[in-house]
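Novice: One line per chain: the protein sequences are A and B, in this order. Using this note's numbering, the letters of the first sequence map in sequence onto residues 1 to 191. Using this note's numbering, the letters of the second sequence map in sequence onto residues 1001 to 1757.
Since the hints were made in silico from the structure, they are not lab data. Watch out, some of these pointers could steer you wrong.
Mimicking DMTMM-like on lysine to aspartate or glutamate, the simulated pairs with C-alpha atoms at most 25 Å apart in a straight line are [stated by the list, open to error]:
| no. | chain 1 | residue 1 | chain 2 | residue 2 |
| --- | --- | --- | --- | --- |
| 1 | B | Lys1567 | A | Glu57 |
| 2 | A | Lys169 | B | Asp1580 |
| 3 | B | Lys1567 | A | Glu166 |
| 4 | A | Lys169 | B | Glu1540 |
| 5 | A | Lys169 | B | Glu1059 |
| 6 | B | Lys1567 | A | Glu60 |
| 7 | A | Lys169 | B | Glu1562 |
| 8 | A | Lys169 | B | Glu1554 |
| 9 | A | Lys169 | B | Glu1579 |
| 10 | A | Lys169 | B | Asp1537 |
| 11 | A | Lys169 | B | Asp1555 |
None of the values given here were measured: they were computed from a predicted structure.
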Amino acid sequence: MIAIFNISPDQMVPQQGAQNRDEPSKEPDQHLQRMTATRDFFTQQMPPMLIVEDSNEDFESFRRYLRRSPLQIPIYRCTNGEQALAFLYHTGNYTNSQSAPRPGLIILDLNLPGTDGREVLRRVKQDESLKKIPIVVFTTSDNPRDIEDCYQFGVNSYIVKPINIEQLKRDIQVIIDYWFDVTTLSERSED
Amino acid sequence: MTGAMSELTNLDLTNCDREPIHIPGLIQPHGVLIVLQEPDLTITQLSANTQAVLNRSPEELLGKPLSSLLNSSEIQNIQQCLSQDFESINPLNLSIASPEKELEFDGIVHRWNEVVILELEPKITGKEPDFFDFYHQVKEPIARIQKAPTLLEMCRVVVKEIRRLTGFDRVMVYQFDSDGAGIVIAEDTDQETPYLNLHYPPSDIPKQARHLYTLNWLRLIPDAQYQPVGLIPAVNPSTGQPLDLSMAVLRSVSPIHLEYLYNMGVTASMSISLMQNQKLWGLIACHHKSPRYIPYHIRTICEFIGQVMSTELINKAASENSEHKQHLKSLQTHFVEELSQAGFLLEGMEQLKPQLLDLIDSTGAVICSENQCIRIGKTPTEGEVHTLLDWIKPHFNQGIFETRSLPKQYPAAKDYQEIASGVLALEISRIHRNYILWFRPEVIQTVNWGGNPNKPVEVLSDNSLRMSPRKSFELWQEEVRGSSLPWQPYEVEAVAELRNLIVGIVLRQAEEMSSMNYELQRSNEELDSFAYIASHDLKEPLRGIHNYANFLMEDYVEMLDEDGVSKLQTLVRLTQRMEDLINSLLQISRLGRADLIRQAVDLNDLVHQAIATLTITRPDLSIEFRIPRSLPVVECDRNQVIELFTNLISNAIKYNDKDERWVEIGFLEGNEIPLEPRDSPIFYVRDNGIGISQEHLEKIFQIFRRLHGRDEFGGGTGAGLTIARKVVERHGGRIWLDSVPGQGTTFYFTLVAETER
Chain A
1 MIAIFNISPD QMVPQQGAQN RDEPSKEPDQ HLQRMTATRD FFTQQMPPML
51 IVEDSNEDFE SFRRYLRRSP LQIPIYRCTN GEQALAFLYH TGNYTNSQSA
101 PRPGLIILDL NLPGTDGREV LRRVKQDESL KKIPIVVFTT SDNPRDIEDC
151 YQFGVNSYIV KPINIEQLKR DIQVIIDYWF DVTTLSERSE D
Chain B
1001 MTGAMSELTN LDLTNCDREP IHIPGLIQPH GVLIVLQEPD LTITQLSANT
1051 QAVLNRSPEE LLGKPLSSLL NSSEIQNIQQ CLSQDFESIN PLNLSIASPE
1101 KELEFDGIVH RWNEVVILEL EPKITGKEPD FFDFYHQVKE PIARIQKAPT
1151 LLEMCRVVVK EIRRLTGFDR VMVYQFDSDG AGIVIAEDTD QETPYLNLHY
1201 PPSDIPKQAR HLYTLNWLRL IPDAQYQPVG LIPAVNPSTG QPLDLSMAVL
1251 RSVSPIHLEY LYNMGVTASM SISLMQNQKL WGLIACHHKS PRYIPYHIRT
1301 ICEFIGQVMS TELINKAASE NSEHKQHLKS LQTHFVEELS QAGFLLEGME
1351 QLKPQLLDLI DSTGAVICSE NQCIRIGKTP TEGEVHTLLD WIKPHFNQGI
1401 FETRSLPKQY PAAKDYQEIA SGVLALEISR IHRNYILWFR PEVIQTVNWG
1451 GNPNKPVEVL SDNSLRMSPR KSFELWQEEV RGSSLPWQPY EVEAVAELRN
1501 LIVGIVLRQA EEMSSMNYEL QRSNEELDSF AYIASHDLKE PLRGIHNYAN
1551 FLMEDYVEML DEDGVSKLQT LVRLTQRMED LINSLLQISR LGRADLIRQA
1601 VDLNDLVHQA IATLTITRPD LSIEFRIPRS LPVVECDRNQ VIELFTNLIS
1651 NAIKYNDKDE RWVEIGFLEG NEIPLEPRDS PIFYVRDNGI GISQEHLEKI
1701 FQIFRRLHGR DEFGGGTGAG LTIARKVVER HGGRIWLDSV PGQGTTFYFT
1751 LVAETER
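My request is simple: use the sequences and hints to build the entire structure.
Specialist: Laid out in structure tokens, this is it:
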């Protein structure tokens, strides 16, 4: 399993640097170990997952239970809408398509600094090429209007972040099972 | 009296008005009247008393030139007088030689209808009054008249001055109203019985007498018991008509009038016309118990004073009105100021009750707003006012309706004409049904008739025919029955002005209200979006705490003892409780933000759905749901109202410790609602639960207000009733409750605004 931290080049967001110093410092070894282990086990390469989430704690919680899955899913993270769009369109810091592969699934938070998740969703779902990428909104908001709007834009699933650890575990398990095991995703990128 | 009465029997008001009082063919005996034919001034007609006054027989003078009586310079004076304005030259000093002594006369000459009339009144004093006497005599009174600050004050000055000049024992100013009825407004007398403020019917002074008063401004009867003197010949030879004595100072008055003077104990009388805009405004009336002759030059002064007063009337009346207007204005300003400080028009007016009667001189007033009435002073009943108002409404002219004789236009008002013969109504707002009505009583109630109208002495009369006082009073009473004193034009103006001011206030209040509403709405919206954003943003760190506490338990389980784990579990539990609270806040905030979607909702379905939702998770729940009769279909927001019922029913289930629990859901409508009948139903949710003590009734709708411990009665965030109230308020309705501790609670609510009834 690969976890790739897309550290924002934007120096205006210093917390990200701090966060990256803190947590991932001890992690790469573990990841590499597990990746090696799982690669031996599974022959099929899982498509990457892009998580657009500004909260480090929420991201950490998500990744924590994602990691427990036996499926090897490369994870890319963006912390705001601009980054996510740059990632998908290979612009800005992501001109190299190797560093920004086309994701098989986007986990999208709605309330993001700057360009928020609603805008990202709208842009992606209006793009002929990108709209095939399934998007799961994973957000705090249970506002009926948000739910309605997101489905109008063509979101594939809308999940309200629970404040309940057991529920969280179940939610993540179901996401992975559904989108990476049960579902056959379109693999071909048109660009 | 008998004679007068027998004459009276043939007179009604109509022929009273027709009696030709300007051609009586008679004069009073205190002077002689000589008719002259121009150009040579031949004597063609004269009074029969020349022998007594001039010591010449009529036969001796008739047909002779005037020179047979007067010398040439005197005749020249008269000629000159006739060619000029004789008013300024009268009286002429004339002397006539007689065997005993030289007789001195005041000669008064005038030309009227082509006829020259010379009247001679014997001089009483030896000294000739000259211009300087006149000047001295009038200077003081006129200064005082002009200085008088008010019309009434001027009248008081005038009666004093006239009495001082003439020595009459009673001098009055008598003012006519627009109908010709009169009132004594000023009096100076040494007599016991005052006539001040007595009222008199218009019939007291017939039309033709009024006409004469406008021509000839001063009339004198030195002795009412005089023997009238005829003219020789009776018919004027040059005109072939009875001699027109309209302008003659010696004209004999109607015998009936003399009779009345006698009955009043008046022997000498004089009256001076007071004119305003060529109309008879009133009279200066003078009475004396014994005969009293007033020399011509004094009469001239009196007449002059009358003329000055007439001129001043316009000024004084104008300034009188302006003073009154000023007074009204200040009352009005005060009234409006206080009114504008009151939050609501009706409340404001209620506080200003007494001023409302001062504002417009009235004895009763009613303020109507919507269907409420505030009655002040003497007014018809509330029911009568409403019916009256309905009748008045189509009669409003520019928002004002006024009448001084309501029963004549609106017969139903006969029932209360004693208190409301006069009505002045003001329409402030037709939409809000805001009206003010002022009432004046029937005039009989207010007029000081001076006691028993049988007594002739109570009637002021003048040189005119009139009915017997008794009959006159009855007739007059009949005339004024159902009539009040008139509303003065300036009063009506003041009311119109008041209307503008009130409308101004109402508009301003409406404006303030709408800007307040706007502010309130804006701040409510801000609060809602604040609550939404805040609770949303609160959730993120809360979720972090929740998850990380769990991570601690997962990752460090070996390092934690039982107590450590239990504390972390408490931490997790608290995060979940906090989430419940935040969710309640969010829900309330969302209620405030979401659009209200009104649609026809069958409340039966809705309530059953709410009950199902509540019971489905608790199959063990033993509770009886009572719906006594089928609930109606109402226009409401389905999602919100289901929330409302869910919260109320949930509370009813929760707060119940009885063995047999029940919840009743029903409604009241129409006549089932005592005191407050309305078209839209009142719904209720009733339980036999623990009830709420009186002291807590106010608090239960407050957000997160709990009356019981967190874990008692199944817990909860304490937001349920706040949500319920929010739903009701969003529908424009009201929610309230009745509760008996230990027995149960009933929540009532409506889903329609009161004004939408």
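Novice: Does each hint fit the structure? Answer for all of them.
Specialist: Here's how the hints hold up against the structure:
{"no.": "1", "hint": "B/Lys1567 / A/Glu57", "result": "21 Å, holds"}
{"no.": "2", "hint": "A/Lys169 / B/Asp1580", "result": "20 Å, holds"}
{"no.": "3", "hint": "B/Lys1567 / A/Glu166", "result": "18 Å, holds"}
{"no.": "4", "hint": "A/Lys169 / B/Glu1540", "result": "17 Å, holds"}
{"no.": "5", "hint": "A/Lys169 / B/Glu1059", "result": "149 Å, violated"}
{"no.": "6", "hint": "B/Lys1567 / A/Glu60", "result": "23 Å, holds"}
{"no.": "7", "hint": "A/Lys169 / B/Glu1562", "result": "24 Å, holds"}
{"no.": "8", "hint": "A/Lys169 / B/Glu1554", "result": "13 Å, holds"}
{"no.": "9", "hint": "A/Lys169 / B/Glu1579", "result": "18 Å, holds"}
{"no.": "10", "hint": "A/Lys169 / B/Asp1537", "result": "22 Å, holds"}
{"no.": "11", "hint": "A/Lys169 / B/Asp1555", "result": "15 Å, holds"}
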